[in-house]
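Participant: Chain by chain, the residues:
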Amino acid sequence: MNSLSIFFGVTNYEFRMQIRRRAMWIIFFCLALLSSILGGPGSAYRQLIDNPFNLTPLQVVAYWTSTVNTFIPIILGIMLADRLARDKRTKVDELFMTTPGALGWRIAGKYVGSLLATIIPVLLFYSIGIGVILFHTQNPIILLYALETFAAIALPGLLFVAAFSIACPAIMWVPLYQFLFVGYWFWGNLLSPAQGIPTLSATILTPVGSYMDAGFFSDPIGRRHATALQGVESIVLLLAITILVMFVLWTLLKWQQARQ
Amino acid sequence: MNIEIHQLNKIYRGGVHALNDVDMSIPNGMFGLLGPNGAGKTTLMRILAGILRPTGGTIHVGTFDGNTEKGRTAIKQILGYLPQDLGMYPDLSAREFLDYIGILKGMNNREERQERVEELLEVVTLRNVAGRKLKTFSGGMKRRVGIAQALMNDPKLLIVDEPTAGLDPEERIRFRNLLSDLAGERTVLLSTHIVEDIAQTCRNLAIMNNGHVTFQGTTSDLIREAEGKVWTITTDGIKPHGDFTVVSTLNMGATVQYRIVGDLSPRAGAVPTQPSLEDSYVWLMREKRSPSTTMSAFSSH
Numbered sequence: 001m002n003s004l005s006i007f008f009g010v011t012n013y014e015f016r017m018q019i020r021r022r023a024m025w026i027i028f029f030c031l032a033l034l035s036s037i038l039g040g041p042g043s044a045y046r047q048l049i050d051n052p053f054n055l056t057p058l059q060v061v062a063y064w065t066s067t068v069n070t071f072i073p074i075i076l077g078i079m080l081a082d083r084l085a086r087d088k089r090t091k092v093d094e095l096f097m098t099t100p101g102a103l104g105w106r107i108a109g110k111y112v113g114s115l116l117a118t119i120i121p122v123l124l125f126y127s128i129g130i131g132v133i134l135f136h137t138q139n140p141i142i143l144l145y146a147l148e149t150f151a152a153i154a155l156p157g158l159l160f161v162a163a164f165s166i167a168c169p170a171i172m173w174v175p176l177y178q179f180l181f182v183g184y185w186f187w188g189n190l191l192s193p194a195q196g197i198p199t200l201s202a203t204i205l206t207p208v209g210s211y212m213d214a215g216f217f218s219d220p221i222g223r224r225h226a227t228a229l230q231g232v233e234s235i236v237l238l239l240a241i242t243i244l245v246m247f248v249l250w251t252l253l254k255w256q257q258a259r260q
Numbered sequence: 001m002n003i004e005i006h007q008l009n010k011i012y013r014g015g016v017h018a019l020n021d022v023d024m025s026i027p028n029g030m031f032g033l034l035g036p037n038g039a040g041k042t043t044l045m046r047i048l049a050g051i052l053r054p055t056g057g058t059i060h061v062g063t064f065d066g067n068t069e070k071g072r073t074a075i076k077q078i079l080g081y082l083p084q085d086l087g088m089y090p091d092l093s094a095r096e097f098l099d100y101i102g103i104l105k106g107m108n109n110r111e112e113r114q115e116r117v118e119e120l121l122e123v124v125t126l127r128n129v130a131g132r133k134l135k136t137f138s139g140g141m142k143r144r145v146g147i148a149q150a151l152m153n154d155p156k157l158l159i160v161d162e163p164t165a166g167l168d169p170e171e172r173i174r175f176r177n178l179l180s181d182l183a184g185e186r187t188v189l190l191s192t193h194i195v196e197d198i199a200q201t202c203r204n205l206a207i208m209n210n211g212h213v214t215f216q217g218t219t220s221d222l223i224r225e226a227e228g229k230v231w232t233i234t235t236d237g238i239k240p241h242g243d244f245t246v247v248s249t250l251n252m253g254a255t256v257q258y259r260i261v262g263d264l265s266p267r268a269g270a271v272p273t274q275p276s277l278e279d280s281y282v283w284l285m286r287e288k289r290s291p292s293t294t295m296s297a298f299s300s301h
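Those protein sequences? They're chains A and B, same order as listed. Mapping of the first sequence onto the numbering used here: residues 1 to 260, in sequence order. Mapping of the second sequence onto the numbering used here: residues 1 to 301, in sequence order.
These are calculated hints, taken from the structure and not from any lab test. Every residue, glycine too, gets a C-beta built ideally from N, C-alpha and C. Just to be clear, a hint being listed does not mean it is correct.
[What the hints assert, rightly or not] Taking CB as the label site, the calculated pair distances span:
id, chain 1, residue 1, chain 2, residue 2, range
1, B, D181, A, G183, 52 to 60 Å
2, A, A170, B, E227, 53 to 61 Å
3, B, Q77, A, L116, 26 to 34 Å
4, A, T70, B, G38, 50 to 58 Å
5, B, G38, A, K91, 15 to 23 Å
6, B, Q77, A, P57, 55 to 63 Å
7, A, K91, B, G56, 26 to 34 Å
8, B, E4, A, L252, 31 to 39 Å
9, A, G183, B, V16, 33 to 41 Å
10, A, I26, B, K133, 17 to 25 Å
11, B, V16, A, K91, 15 to 23 Å
Looking at chain A on its own, in the form it has when it is part of the complex (with noise of 0.2 Å):
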């Protein structure tokens, strides 16, 4: 039995299940409507054709990037949030039990091809501003920078969001998840310190991105002071944590069944 191939098996039929999604589709793109109403991509625009603070396109493309993982992770985490219980939802979850495949390398491809899914709509969201830039630009560099702001500013974030999103589910209600997710995101990566309230947004454990952005990107509109060391060590954290996590649910789960 190769365990390989369960992985990319299931990491298959997971992206397959979450991609027929419809709501997760309708979501995205009223997203995107909303966006190009209250001027998402305009404003990035606005940026490149005013440029007020004289960023250079790689600055531009950093900024779309840090706007987009702003609130977008909120819908990633809330779409994946029911992966894992609906497993036991639709009682698959006994039948799985009595076949030889690894649990681990069935968590791994629920984890990978749901994620996978879900980062399409993002990604198609995400071109729009790029598609934006590109053509104000007329310079195909710009692609390459999107490349590198998402790897360094977004997908770390996204990693570590889509981490907690399959497990904790594992051991709350999937609606209480996503209520205590929703407030986690604002408190814990859009709240100021300077609002006197103890906040994980200002730390290198916050998935917004904000230290990569201003470490690599220098983010020159200031919202963020951070060093590139400072930006590794936020994305060394975010995945660290998202192995850790995956990790413990890998033993609670066993464990659960060993106490069946």
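Model the placement of chain B on the given structure of chain A, informed by the hints.
Facilitator: Here is chain B on its own, set in the frame of chain A:
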């Protein structure tokens, strides 16, 4: 492939004693597991399938020890399981779901796996609707998908828990015939509270009640135990009274025919009748003997 179960116990959290010193020997072929709701049949099946851990006792499936992780994994490699409450992903098609199960059962070769899927879809006569999502399937169609997924890895041990519950008579017959055809070189453990399913498919069976095995042997042995205990009484409508169980009431118009099971002293109009398996089951349940005396009284070993 024989299954040996020795002194098996299962106590759930909360103190529910679902299995009580269960001893059972399951030979090759079709084996019926009969008993009322709450008897412990599903608990036993789930332990055999590796879903639950026993509180005590041993299980051996062929040469594999079901009490070790290695043994359980080995059993799962040769196991096909159709649970009572079958779960499936509603957004997958029948073909996709079977392929997914095949992947989880370790069938790495894509072509072989897909060939097997098509073969099983043909066996359960779902090939024409294989592309439809499972949420559009009727109960009977889902059951057929269920048996197909259980057979994906050509299992040596097939456990089916209440497979005909909720099916119409035609589908039930089709299902029973399919299971009988599958028995062959396999061990098929069929758990049900519908006696007719056992009568039509199994030579060997065990009866459970309140976590105990109250009978193990052949269907002929069980029927023999109820000989002289089944009667037909015809009255003009007045229900007969006595220390017996009425198993059927047939209104014939002017008269009513009662089929009863019990230790009945000969009385006017009582006609001794050849017992069916159901009559024998009723007779056994009625007596409610203790496990040790019942085993010695009814065991045919």
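Participant: May I ask which of the numbered hints given earlier this structure violates, with the numbers listed in increasing order?
Facilitator: none
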